[in-house]
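Engineer: All chains, full assembly: derive it from the sequences and hints.
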Amino acid sequence: MNTLRFFPQGASAEAGHVDVLFLALVAVSLAFIGAVFGGIVYFAVKYRHTNLGAERKHIFEDRWQLEVGLIGALLVLSLGAFTWAGVLYIDIETPPTGPTLDVQGVAKQWVWTFEHATGAREINALHVPVGQRVRLVLTSEDVIHSFYVPAFRLKQDVLPGRETNVWFEATVPGRYHLFCAEYCGTDHSAMGGWVDVMEPGDYARWLAVGATGGSDVGALGGRYDQPTPDAPAVALGPGRREAPAGAPRTEPLVAEDASAARGAALFASLNCASCHRTDSLALYPARGPALVGVYGRPVRLQNGRTVLADEPYLRESILNPRARIVQGYPPIMPSYRDVLSDDELSALVAYLQSLGG
Amino acid sequence: MTTTAPSPFAPPPEATRTTYLNAGTGLRSWLLTTDHKRIAVLYTLAITAFFGLGGVMAFLMRLELLTPPSDLFTIDTYNRLFSAHGIVMVWFFLIPSIPTTLGNFLLPLMIGTRDLAFPRLNLLSFYIFLVGGLFTLAAVSFGGIDTGWTFYTPYSTSFSQTRVFLVVMGIFVMGFSSILTGLNFVVTTHTLRAPGMTWNRLPLFVWSLYATSLIQILATPVLTLTLVLLGMERWFGVGIFDPALGGDPILFEHLFWFYSHPAVYIMILPGLGVISELITCFSRKHIFGYNWIAGSSLAIAAFGFLVWGHHMFVSGQSVYAGLVFSVLSFVVAIPSAIKVFNWIATLYMGRIYLRTPMLYAFAFIGLFVIGGMTGLIVASLAVDVHVHDTYFVVAHFHYIMVGGMLTAYLGGLHFWWPKITGKLYPEGWGIAAAILIFVGFNLTFLPQFIMGYLGMPRRYGAYAPEFQVYHVLSTAGSTVLGVAYLLPLGYLLWSLKYGPDAGPNPWNATGLEWTTPSPPPPDNFDEAPVVRDMPYAYHLEHRQFMDPDEAGALAAKKASRSED
Amino acid sequence: MPELATTLPGRPAPPFDSVGQQASARRLGMWVFLASETLLFGAFFLAYTVYRRLYPEAWAAGAQHDSLAIGTALTGVLLLSSLTAALAVAASKARAWRAVTGLIAATVGLGVFFIGLKFYEYWLHWQDGFVPALHFTHADPHLDLFFVFYFLMTLLHALHMSIGIGLWTLLGVQAHRRRLRDEAAVETTGLYWHFVDLVWLFLYPLLYLVK
Amino acid sequence: MHSDSRSADPFGRDARLRLYKTAAALFALLGLTVAVYVLPVPAAWATPAGLLIAAAKAALVVAVFMELAGSSRLVRLAAATGALWLLILFALTLGDYLSRGALPAL
Ligand code: HEA
Ligand code: HEA
Ligand code: CUA
Ligand SMILES: [Cu+2]
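Taken in sequence, the protein lines are chains B, W, G and R. Sequential numbering from 0 applies to the first sequence in numbering that gives the first Met the number 0. Sequential numbering from 0 applies to the second sequence in numbering that gives the first Met the number 0. Sequential numbering from 0 applies to the third sequence in numbering that gives the first Met the number 0. Sequential numbering from 0 applies to the fourth sequence in numbering that gives the first Met the number 0.
Everything labelled a hint here was simulated from the structure, so no lab data went into it. Predicted, not measured: the structure shown is a model, and the values here were computed from it. Where is the CB? At the ideal position from N, CA and C, for every residue including glycine. Some clues are possibly wrong.
What the hints assert, rightly or not - Simulated coverage check for chain W against chain R, where a stretch passes if three residues somewhere in it have a Cβ under 8 Å from a Cβ of chain R:
# : segment
1 : 155 to 167
2 : 317 to 330
Unchecked claim - Taking lysine to any residue pairs in the SDA-like style, the calculated list, with each CA pair at most 25 Å apart, reads:
#  : chain 1 : residue 1 : chain 2 : residue 2
3  : G       : 117       : W       : 235
4  : B       : 45        : W       : 507
5  : B       : 56        : W       : 235
6  : R       : 20        : R       : 71
7  : B       : 45        : W       : 430
8  : G       : 210       : R       : 101
9  : G       : 210       : R       : 73
10 : G       : 117       : G       : 72
11 : G       : 210       : R       : 43
12 : G       : 210       : G       : 120
13 : G       : 117       : W       : 231
14 : R       : 20        : G       : 127
15 : B       : 45        : W       : 235
16 : G       : 210       : R       : 47
17 : G       : 210       : R       : 20
18 : G       : 210       : R       : 102
19 : G       : 117       : R       : 23
20 : G       : 210       : R       : 39
21 : R       : 20        : G       : 72
22 : G       : 117       : G       : 134
23 : B       : 45        : W       : 352
24 : G       : 210       : G       : 127
25 : B       : 45        : W       : 422
26 : B       : 45        : W       : 50
27 : B       : 56        : W       : 426
28 : W       : 422       : W       : 130
29 : G       : 210       : R       : 93
30 : B       : 45        : W       : 426
31 : G       : 117       : R       : 34
32 : B       : 45        : W       : 536
33 : G       : 117       : G       : 181
34 : G       : 210       : R       : 42
35 : G       : 117       : R       : 33
36 : G       : 210       : R       : 29
Structural biologist: As structure tokens, this is what we get:
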């Protein structure tokens with residue numbers, strides 16, 4: 000199934016340029032490496048101490064002209080390589096002049112979410128039309144991630160608290176790896192998916208029908224097995240954001256099971272515990288309030304009011320944490336709106352309810 | 000093998016001399032010693048242990064990476080493994096490696112003095128190092144750390160649930176050891192040179208230690224401060240680097256790499272110095288371009304401070320800064336190129352002896368050039384956008400750090416082993432191990448270049464199946480490598496008991512350290528040395544032959560030639 | 000005073016051949032150490048600069064909670080202690096041990112006063128509720144950041160001061176007993192003390208004089 | 000090698016006077032700092048002026064109290080290196096911030 004590759008596929012306008020530069024650098028490097036290895040082996044044989052016949056008219060003092068000449072030559076060569084690479088880099092980093100297709104991207108621990116101009120959203124998958132300049136507006140909700148598509152020879156760190164743009168133009172339809180390239184915690188190696196480069200017509204159809212694509216929520220498994228095209232795909236259609244909270248969605252992500260046990264598993268896999276302690280042994284203060292016994296407890300808010308931590312409050316805290324901030328804590332909890340299905344949310348809340356109290 | 004014919008180079012039979020080894024007995028005399036030679040031995044034991052630890056972790060990682068899913072360990076365990084591997088190898092093995100062992104042992108001997116300028120400070124450095132190391136070990140054992148050796152924020156400050164604080168404290172403590180050692184070396188080199196040991200007669204190894212020390216003194220405090228801020232942020236939940244609280248993670252990257260790029264030159268310069276010594280000795284020829292090699296060490300130390308941003312080309316740093324850091328990275332490569340050129344020129348018309356240390360020197364040059372040239376490839380902006388944080392980078396730095404520095408360390412250890420212990424190691428085993436290490440090394444890390452360019456990201460405990468072939472090759476290689484590293488451990492220990500006596504100067508080498516008996520007396524020299532010659536006068540007639548056997552064989556050969 | 004510096008009495012410690020050589024090694028060692036310290040504090044100043052320029056309002060607001068009077072008094076105390084330290088060094092070179100003892104005592108006294116005043120100021124901030132980690136409400140993270148820098152920078156400085164006070168005390172006792180084990184130590188401690196003073200000279204405008 | 004180029008008694012009248020004068024200058028500069036701060040100068044100047052005066056004070060401390068002026072070349076080199084490296088740290092880091100517009104220009 001996997002043909003052995005020595006060289007990656009290229010599927011963007013820049014890929015070819017980067018490859019040519021890379022191969023040129025490799026060639027120069029090989030020349031130097033060859034010269035050095037060759038020189039060592041040749042001299043080691045020729046001037047081996049047992050080889051008495053070799054001429055050894057010792058030269059003790061080197062000439063500065065030799066060293067300066069070497070420095071000069073290497074400087075010229077280096078500046079050449081630098082200039083080539085620099086120009087290409089500027090090319091990659093400069094915003095294109097023409098119109099672009101804009102896609103918003105949000106990275107959070109171990110999930111990529113993309114939102115198209117139409118409002119279509121997808122998780123761990125990105126659909127783009129071929130031959131069109133795409134601008135990705137990227138941000139992170141927690142730590143630093145890095146958007147990496149090897150076939151595009153494109154990588155960009157995605158930082159929390161700021162927007163970062165990247166541009167690319169896909170040239171070959173197909174399905175390519177999307178990786179997270181900056182270490183971001185437990186499931187860093189699972190934080191990936193696929194970029195689908197489609198013919199413009201297909202792309203338009205895909206947008207209209209209700210996007211099909213990414214099949215799983217990052218942490219929950221199956222990341223590198225390429226889904227067969229006709230595998231049941233998940234609809235995260237346009238306008239999901241507008242769906243009233245609590246309204247049942249047509250295609251749930253996972254089979255229905257709202258037990259607290261499943262909530263506990265989610266709590267672990269979504270790494271809630273990175274902020275919320277469920278024990279009191281940690282060495283350092285937690286970043287978020289302890290959730291043991293939170294259900295049914297009055298909670299003092301930042302604005303001085305007090306609310307009862309009932310079920311709607313817990314739901315809101317998870318979906319829209321900034322709506323009501325607990326006193327004494329920074330507003331850093333990310334929203335899980337785009338990550339959790341309703342069932343998963345219910346499971347989480349059930350789990351929280353089950354935590355003592 | 001060698002019939003013990005009296006050799007002109009063997010020491011005269013003597014009543015048991017007082018050496019630094021037998022000058023005092025008992026644990027106390029070792030643990031409270033201020034003798035730089037004994038402290039060097041203590042360091043050697045400590046860093047060997049740390050290397051073994053880091054190596055075992057590397058091997059476990061390689062086993063995990065045999066198959067695409069994370070099946071041998073959980074992904075959390077894998078993350079802890081590579082973090083601990085990087086941290087232990089960088090701070091507790093490679094940075095102290097040559098300076099604190101060979102450097103500590105040889106610096107006073109080479110410049111002809113009794114000890115370092117501040118002997119008690121030297122012992123203190125060792126204990127600081129040990130405390131830092133044990134701290135880190137404890138943290139790694141109880142919970143571990145999963146941030147990678149780079150501690151990028153806000154992951155390390157706000158998200159990781161592991162023992163970040165303890166590990167950071169360990170490295171913080173170790174940093175003082177590094178600074179104090181550097182300070183001690185600099186002051187020693189300036190104030191304690193023997194009469195006649197002018198700067199242009201200084202051994203090149205001393206030059207490289209001097210340059211290394213400058214980096215340790217000027218870069219480490221920035222790491223110290225950065226780790227303090229990180230620890231404070233983590234402990235107190237204040238937002239120095241966390242954007243959620245107004246902090247700036249890119250500032251962390253700047254501060255971290257301001258230290259950590261120069262630190263990679265802490266990790267290579269001493270090795271470059273060792274190689275300069277080995278090449279000239281086993282070519283029996285004066286080193287080519289002494290001034291240039293000495294000067295290039297200083298140039299690397301200075302320019303090395305100007306390129307740190309090449310680790311941040313895709314971090315969100317400005318494009319202009321990227322350009323500046325990239326061009327300077329090319330410039331900093333030139334002093335390294337000068338060294339390589341002068342070494343090769345030294346071989347030219349030499350009289351080359353392929354002894355174990357020389358094999359290591361050759362391996363070093365080759366692997367360092369591969370690592371260095373790929374360093375230039377990753378310094379090329381547009382290419383780095385693709386290969387940053389892939390196995391291409393992993394291969395780059397293992398070529399330099401393992402293929403380069405570790406090889407230089409082994410080469411130096413073999414070269415000075417007779418001086419340190421007074422015993423000869425078995426040459427045949429030495430050559431076999433050197434070759435095996437070279438083969439195993441390349442098998443381990445060459446495939447990583449290919450999969451890196453294919454797009455295999457680093458710090459992945461689970462990966463896409465198409466990369467598996469290369470991972471399997473790499474793991475196979477690391478098995479060979481692991482076995483190969485055990486060989487020197489075995490035969491060097493063996494030689495302590497069974498090795499033949501070395502005599503003061505088994506290589507007939509130049510340099511003050513060879514003028515005193517092996518192992519040296521506690522005060523290094525029986526008579527205060529005075530230097531009258533140029534360094535590396537291997538061209539002089541009396542430096543020509545390495546040992547009597549060889550002299551005899553050559554004479555016979557010559558004779559038989561002239562006959563026909 | 001006949002022969003000085005060149006022929007200090009006493010014997011050099013092991014690796015050195017003469018006391019003069021030893022003294023110049025000490026001096027060089029301390030300066031090299033201070034170069035290292037420059038980078039330690041320098042990195043802190045760099046971080047300060049970045050956040051200050053990012054959040055100038057928060058900085059101005061934060062500095063309003065500092066007392067100009069206390070800041071200036073602290074600076075004055077330190078300058079005075081620098082003078083006494085410099086005099087102590089000069090006196091030690093002249094081997095005027097009585098004067099050395101007195102001047103070191105003055106230096107220690109001023110140093111302790113500085114720390115005391117500093118902690119009084121911390122106490123004021125504590126009352127106002129600005130202590131990082133204890134009081135932060137996260138209502139204004141940028142203001143919090145100012146106080147993080149304020150506290151950490153002054154604490155790091157105070158830590159250095161305390162080490163200096165410790166060293167002086169040791170030397171003072173030895174000088175009092177006329178049994179100074181290492182006379183060059185007065186000079187190197189003086190260098191260290193002046194450097195710590197110098198750091199404060201920059202902290203003062205950066206933490207107190209912000210508008 | 001030794002820094003006793005400055006003749007005579009290190010704790011004599013002249014030597015002490017020199018230190019007193021330096022201290023006086025330092026206090027004068029401290030007064031100037033406060034004056035600049037409380038007088039109605041533009042707010043933007045307050046810190047730069049404060050820093051400038053601090054630099055002057057630091058120069059005095061280093062040159063006289065720390066005796067850099069009369070020290071060996073080597074010692075002066077060590078001091079200069081510290082300062083130069085600090086400059087590198089600042090220049091290249093702030094260069095990044097300023098050139099991507101992440102900080103308001105100075
Ligand atoms: C001992 C350690 C060591 C050394 C000496 C070097 C040396 C160099 N390194 Fe390397 N590097 C690391 C250890 C080291 N590196 C580590 C650990 C990382 C990863 C950190 C992490 O993210 O975890 C890294 C990462 C790294 C990166 C970032 C990659 C990325 O993350 O995207 C870059 C980019 O420029 C780089 C460049 C260089 C360069 C230009 C040199 C140069 O100094 C090399 C100079 C040598 C030569 C060039 C060879 C000899 C010359 C010739 C034979 C003549 C030909 C020369 C010319 C044409 C000029 N290194
Ligand atoms: C000095 C530095 C050094 C050294 C020597 C090594 C040595 C090795 N390293 Fe390491 N490595 C790093 C520094 C180093 N590494 C760093 C800095 C990172 C980055 C970490 C990060 O991302 O944060 C890294 C990351 C790294 C990775 C990437 C992990 C990832 O990104 O997912 C891999 C993968 O193959 C690897 C492999 C190896 C191997 C196979 C060796 C082999 O050479 C090891 C061979 C040795 C042995 C197998 C041990 C043999 C000896 C014994 C068994 C005897 C033991 C007993 C006693 C002596 C008491 N290393
Ligand atoms: Cu997200 Cu790595
Ligand atoms: Cu680097």
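Engineer: For every hint, state whether the structure bears it out.
Structural biologist: Checked hints:
{"no.": "1", "hint": "155 to 167", "result": "violated (count 0)"}
{"no.": "2", "hint": "317 to 330", "result": "holds (count 6)"}
{"no.": "3", "hint": "G:117 with W:235", "result": "21 Å, holds"}
{"no.": "4", "hint": "B:45 with W:507", "result": "22 Å, holds"}
{"no.": "5", "hint": "B:56 with W:235", "result": "70 Å, violated"}
{"no.": "6", "hint": "R:20 with R:71", "result": "24 Å, holds"}
{"no.": "7", "hint": "B:45 with W:430", "result": "20 Å, holds"}
{"no.": "8", "hint": "G:210 with R:101", "result": "22 Å, holds"}
{"no.": "9", "hint": "G:210 with R:73", "result": "41 Å, violated"}
{"no.": "10", "hint": "G:117 with G:72", "result": "10 Å, holds"}
{"no.": "11", "hint": "G:210 with R:43", "result": "7 Å, holds"}
{"no.": "12", "hint": "G:210 with G:120", "result": "20 Å, holds"}
{"no.": "13", "hint": "G:117 with W:231", "result": "20 Å, holds"}
{"no.": "14", "hint": "R:20 with G:127", "result": "40 Å, violated"}
{"no.": "15", "hint": "B:45 with W:235", "result": "66 Å, violated"}
{"no.": "16", "hint": "G:210 with R:47", "result": "11 Å, holds"}
{"no.": "17", "hint": "G:210 with R:20", "result": "32 Å, violated"}
{"no.": "18", "hint": "G:210 with R:102", "result": "18 Å, holds"}
{"no.": "19", "hint": "G:117 with R:23", "result": "24 Å, holds"}
{"no.": "20", "hint": "G:210 with R:39", "result": "11 Å, holds"}
{"no.": "21", "hint": "R:20 with G:72", "result": "20 Å, holds"}
{"no.": "22", "hint": "G:117 with G:134", "result": "19 Å, holds"}
{"no.": "23", "hint": "B:45 with W:352", "result": "12 Å, holds"}
{"no.": "24", "hint": "G:210 with G:127", "result": "20 Å, holds"}
{"no.": "25", "hint": "B:45 with W:422", "result": "31 Å, violated"}
{"no.": "26", "hint": "B:45 with W:50", "result": "37 Å, violated"}
{"no.": "27", "hint": "B:56 with W:426", "result": "30 Å, violated"}
{"no.": "28", "hint": "W:422 with W:130", "result": "32 Å, violated"}
{"no.": "29", "hint": "G:210 with R:93", "result": "22 Å, holds"}
{"no.": "30", "hint": "B:45 with W:426", "result": "22 Å, holds"}
{"no.": "31", "hint": "G:117 with R:34", "result": "23 Å, holds"}
{"no.": "32", "hint": "B:45 with W:536", "result": "22 Å, holds"}
{"no.": "33", "hint": "G:117 with G:181", "result": "32 Å, violated"}
{"no.": "34", "hint": "G:210 with R:42", "result": "5 Å, holds"}
{"no.": "35", "hint": "G:117 with R:33", "result": "19 Å, holds"}
{"no.": "36", "hint": "G:210 with R:29", "result": "18 Å, holds"}
Hint compliance for this structure: hints 1, 5, 9, 14, 15, 17, 25, 26, 27, 28, 33 are not met, and every other hint is.
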